[in-house]
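> If you want the building blocks of each chain, they are given just below.
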Amino acid sequence: MAGLPADWRDFWALTKPRVLTLVVFTGLCGLLAAPGHIHPVLGFTAILCIALGAGAAAALNQWYEADLDAKMKRTRNRPLPAGRMERSSALQFGVGLGVFSVILMGLAVNLLSAAILTVSILFYVLVYTVWLKRRTPQNIVIGGAAGAFPALIGWAAVTGRIELLPVLLFLLVFLWTPPHFWALSLFVNSDYAAAGVPMMSVVAGTRATRLQAFLYSLPMAAVAVLPWPLGLAGPIYGVAAVALNLVFLWLATRVGFSREDDPALMKAERRLFAYSIVYLFATFGVLVVDRLWFA
Amino acid sequence: MSAPDPALPTDAEIRRRQRSRSIVTAALLFALVILFFAISIAKMM
Numbered sequence: 001m002a003g004l005p006a007d008w009r010d011f012w013a014l015t016k017p018r019v020l021t022l023v024v025f026t027g028l029c030g031l032l033a034a035p036g037h038i039h040p041v042l043g044f045t046a047i048l049c050i051a052l053g054a055g056a057a058a059a060l061n062q063w064y065e066a067d068l069d070a071k072m073k074r075t076r077n078r079p080l081p082a083g084r085m086e087r088s089s090a091l092q093f094g095v096g097l098g099v100f101s102v103i104l105m106g107l108a109v110n111l112l113s114a115a116i117l118t119v120s121i122l123f124y125v126l127v128y129t130v131w132l133k134r135r136t137p138q139n140i141v142i143g144g145a146a147g148a149f150p151a152l153i154g155w156a157a158v159t160g161r162i163e164l165l166p167v168l169l170f171l172l173v174f175l176w177t178p179p180h181f182w183a184l185s186l187f188v189n190s191d192y193a194a195a196g197v198p199m200m201s202v203v204a205g206t207r208a209t210r211l212q213a214f215l216y217s218l219p220m221a222a223v224a225v226l227p228w229p230l231g232l233a234g235p236i237y238g239v240a241a242v243a244l245n246l247v248f249l250w251l252a253t254r255v256g257f258s259r260e261d262d263p264a265l266m267k268a269e270r271r272l273f274a275y276s277i278v279y280l281f282a283t284f285g286v287l288v289v290d291r292l293w294f295a
Numbered sequence: 001m002s003a004p005d006p007a008l009p010t011d012a013e014i015r016r017r018q019r020s021r022s023i024v025t026a027a028l029l030f031a032l033v034i035l036f037f038a039i040s041i042a043k044m045m
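In the order they appear, the protein sequences are chains A and B.
Numbering-wise (my numbering), the first sequence opens with residue 1 and increments by one.
Numbering-wise (my numbering), the second sequence opens with residue 1 and increments by one.
Just so you know, these hints were derived from the structure itself, not from any lab.
Glycine included, each C-beta is placed from N, C-alpha and C at the ideal position.
Just so you know, not all the hints are guaranteed correct.
Each pair of labels, with its calculated beta carbon distance range [to be verified]: (1) Leu292(A) with Glu13(B): 49 to 59 Å; (2) Leu32(B) with Glu260(A): 48 to 58 Å; (3) Ala31(B) with Arg259(A): 52 to 62 Å.
Counterexamples of contact, computed for chain B against chain A with all Cβ distances above 10 Å [claimed, not checked]: (4) Ile14; (5) Phe30; (6) Val33.
To spell it out: a stretch of chain B is covered by chain A in this simulated footprint if at least three of its residues, at any positions, have a beta carbon under 8 Å from a beta carbon of chain A; those stretches are [stated by the list, open to error]: (7) 16-24; (8) 34-41.
Assemble the whole structure, with the sequences as input and the hints as a guide.
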C-alpha cells in the first residue's frame, strides 16, 4: 500500500524464516561436528552470521524475483508481490544485512568462514537467482551449492580449515537438493509453468524429472554413508545413515518409476519431499551425536 | 470537502507501524550492544 511503511514482520518474512531453520541447523551441525573448541559466544556469533547471511540472500532473491513471485500461488503473498513493501527497501535490507554478516564473521570468528559466507551469498544471489533460475532446468542443481555452504562455514568457524568431512557434508546437501526440489516441482508444476520458470518438470516433463530425481538420490546416498567407511564417523552414524538412506532410496524409487500425472494424486512425490526435510535434519543430527559420542 | 480515500492508510496506522518498527530496531540495537560486549570479552579470554 503506497505511503504505508512496511511492517517489521515483512522484513522478517523477507529472510524466508522456514528455510533459515535448515540453514542454521546444518551450520550448527558443521560447527558441533568439527574437532577443536570455540568459545560459546563466538560459536553463537558464527551461527548468527550464517543466519543473517542466508536471510540477506533470501531478501535479495525476493527483491530480484518479485515479478515471478507475483505469478505463483505459493509466493504471491510475499511482502513485495503483495505490495506491502517498496522494492528499494528489500534491496537496502538485503545488502545491509549481507555486508553486516560478513564483516561480523570476519572480525569475530575468522577470515576463512567470512570468505565462504561471502561466496555463499554471492552464489545464491548472482549465480542461482540472477543467472541460472530463469535460464536453465539445471538451475537448482548448480544453485543447490548455495544451500550446501553452511556446514562448511560452521566447520571453518571452529578449525579455520576445510577438511574432508565438511566437504562430504557440502556434497551431501548439494546432491540432496535435486530430488528435494524436483519432488516439490512435480506437484506444483503448473505454478512454475505459469511463472515461466524453466524447472526440469516444465521443460523436460514429469517422466524425465522423476528419473533424474531418482538418479541423483543414488550418489547422494553413497556420499551420506561414506563418512563411516572412511573413519570420519562411528557406527552410530553409519547404522543411522544406512537406514535413513534406504528409506530415501525407496521413496525416490517410487517417485522415479511412478506414472502419475495428476498433481492432486502425487502422494509419493509429497512423501519424498516431506521425508527429504526430515532426512537432512536426522542425518546431520546423528552425525553430531556420533562425533560428540566418540570424541 | 471530499471524503477520505479508504484505500489510503490513516495517520494512526502509519504511526503504529513506525512505532513498532522503532521498538524492534531499538531491541535489535540493544541486543547487538550486548553481543559486541560478549564478543570482546570472549576474544580477550
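> Could you work out which of the previously given hints the structure breaks and list their numbers from low to high?
Failing hint: just 4.
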